[in-house]
Amino acid sequence: MRKILIALAAVSALAACASRPEPTPTPTSPTAPTAPSQPSGPTPGSVEDFRVSVGDRVFFGYDRFDLSPEARSVLERQAAWLRQYPNVRLLVAGNCDERGTREYNLALGARRAAAARDYLVSLGIAANRLETVSYGKERPLDPRANEEAWSVNRNSHSQIVSGAVS
Amino acid sequence: MRLIKSFFAAFAVILAFAFAAPASAQLRVDIDEGHLNPMPVAVVDFLGPNAAAQQVGRDVSQVIRANLDRSGLFRPVEPSAFIERISAMEVPPRFADWRVINAQALVVGQVTPLPDGRIRIEFRLWDTFGETSLTGFQYATTPDNWRRIAHRISDQIYEQLTGERGYFDTRIVFVSESGPRTRRIKRLMIMDQDGANPFFLTSADAMVLTPRFSPSTQMITYMSFETGAPRVFLYNLETNRREVLGDFPGMTFSPRFSPNGSGIVFTLDMNGNSEIFSMDLRARSRVRLTNHPGIDTSPSYSPDGSQIVFNSDRGGSPQLYVMNADGSGQRRISFGDGRYSTPVWSPRGDLIAFTRQGGGRFAIGVMRPDGSGERILTESYLDEAPTWSPNGRVIMFFREGRGQGARLWSVDLTGRNLRQIPTQTDASDPAWSPLLP
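Quick note, the sequences are listed as chains A and B, same order.
If you're matching positions, the first sequence starts at 359 in the numbering used here and goes up one per residue.
If you're matching positions, the second sequence starts at 38 in the numbering used here and goes up one per residue.
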């Protein structure tokens, strides 16, 4: 459930923000008021900061691996953040929706990861800070079987593997 | 592995018959049309001199009946309808008693304990209208190996009555699935062709995909995330050891053995460009077979080893291509509507099975190696990953309902006789073994 919310938040963040990253509104539970909330969002330089303030996924069209303007802007924010935190290393993972066969999707996911990685490199990020992998259709973010879920599941996911502020 | 080892200790003897069936009167099922009118066959519970042997006899007969029934070509006659009570294997049956219940063929057999602790299982197949014995074998084996003997006898019956090799003494390796869709656990599992004797080969720690048998049936190649990125692995069923295939700069996947088992053909992806390579298992030398910026994956050899069918999107969408085994002569063979993938060459060489995607549906179909004669056998929300029975007559695949888990299914080359294969968990990526040695 949490993953779905994150995914939806990521999508709406993509749609909404052409300019600067805003702190993503945390989905509030309708139940009791929660304990003292953090006043200032995630710790700068942390995995959470990258995920929430920068955006760790970019999304693709069906059977596509070209970067949309939205995807580029997320990757540009990722590059800026990576320049700010030079010890951080990323695993860029390509993912696909379930509307393709397994081996083809492994290859397609590899293309998506490479497209995101190549753009980060073109923005000046050292290639040795970026590894890629493809999970094909094996790691969907959204378990549902509909267009909305598929559009979220076609992504490249930049995962911090080391060097983040804890 | 105990089952296989103990089988090597078994021996089979062909019984000599005083009377062979004349060729003209051959009882025969038409393998293409037989599904429309399955041949009624009576399989009597095998006899035995004591309770233990009788129990084995009943079990063997039950497995034979189930195999014949699942083939769709035969209809086992309900034992309660039998008139004659067979009490000795040596005595010819009263054929009229079997004809009157419309059993065209009759299977009798017996189980005999041997002084060394093993058992002898023998059977005879009768043509009730021709009143002749068609075939018979006997096997000596350890008592725990009765199931394999039942499959061997089923193969003998199938062969005698269809004129083609059987496929019952075989196994299936597949991916057992559990857990939520976002955190799926996928483990290698192996079982008999009828779903019996399932056991895991790999743990829940690493997701595995796309297992395939070697021609010897003793090795499996598959893809695993065990070391992080996708890697082709080899699994030895005799030693239960696994190893990574080679040390490559990118991820490796979609492995298959060459027909003589000496090599693997697979996909190596470097920087988002997937290409097909072959590797000799002894020399560990690799040869690049494709060189194109498009996706090239899912290679499968022709049974003579001279050609490879594969999947490529170089023409704009995923389609099937054929090349010579050295990579020369690459040409597209699929031209129908839709997106084609997962090509697998039939063990007979005459057809290529594939997954075709179109109109929001996934279908399993076959075409000739030149791309002609395309036929769709079955279709659903998601049908994927065909694998051939060793006689090239049945295709197993996995089917996933919308938002549902995957299960294994089989369908005949005729497109009839669609059946679900029993598995304890969700299951995908089946691979059918050759006939066991």
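Note that these hints are calculated values from the structure, not bench results.
Any given hint could turn out to be false.
[What the hints assert, rightly or not] Estimated spans, in silico, between C-beta atoms of each pair: (1) A:R441 x B:P330: 45 to 53 angstroms; (2) A:R502 x B:D284: 54 to 62 angstroms; (3) B:N234 x A:A438: 18 to 26 angstroms; (4) B:R220 x A:R447: 22 to 30 angstroms.
[Unchecked claim] Chain A stretches covered by chain B per the calculated footprint, using a threshold of three residues with CB under 8 angstroms from any CB of chain B: (5) 432-442; (6) 459-470.
Computed from a predicted model, the values in this text were never measured in an experiment.
Even glycine gets a Cβ: it sits at the ideal position worked out from N, Cα and C.
Hints, one by one, checked against the model:
1. Separation of R441 (chain A) from P330 (chain B) is about 30 angstroms and departs from the stated range, judged on CB atoms against 45 to 53 angstroms.
2. The supplied range of 54 to 62 angstroms is broken by R502 (chain A) and D284 (chain B), whose beta-carbon atoms lie about 39 angstroms from each other.
3. At roughly 58 angstroms, the beta carbons of N234 (chain B) and A438 (chain A) sit outside the given window of 18 to 26 angstroms.
4. Taken as a hint, the range 22 to 30 angstroms holds for the pair R220 (chain B) and R447 (chain A), whose Cβ atoms sit roughly 24 angstroms apart.
5. Counting residues of the region 432-442 of chain A whose CB lies closer than 8 angstroms to any CB of chain B gives 0, which falls below the minimum of 3, so the coverage claim is violated.
6. Note: the region 459-470 of chain A has 10 residues with beta-carbon separation from chain B under 8 angstroms; the three-residue rule is met and the coverage holds.
Violated hints, listed in ascending order, are 1, 2, 3 and 5; each of the other numbered hints is respected by the structure.
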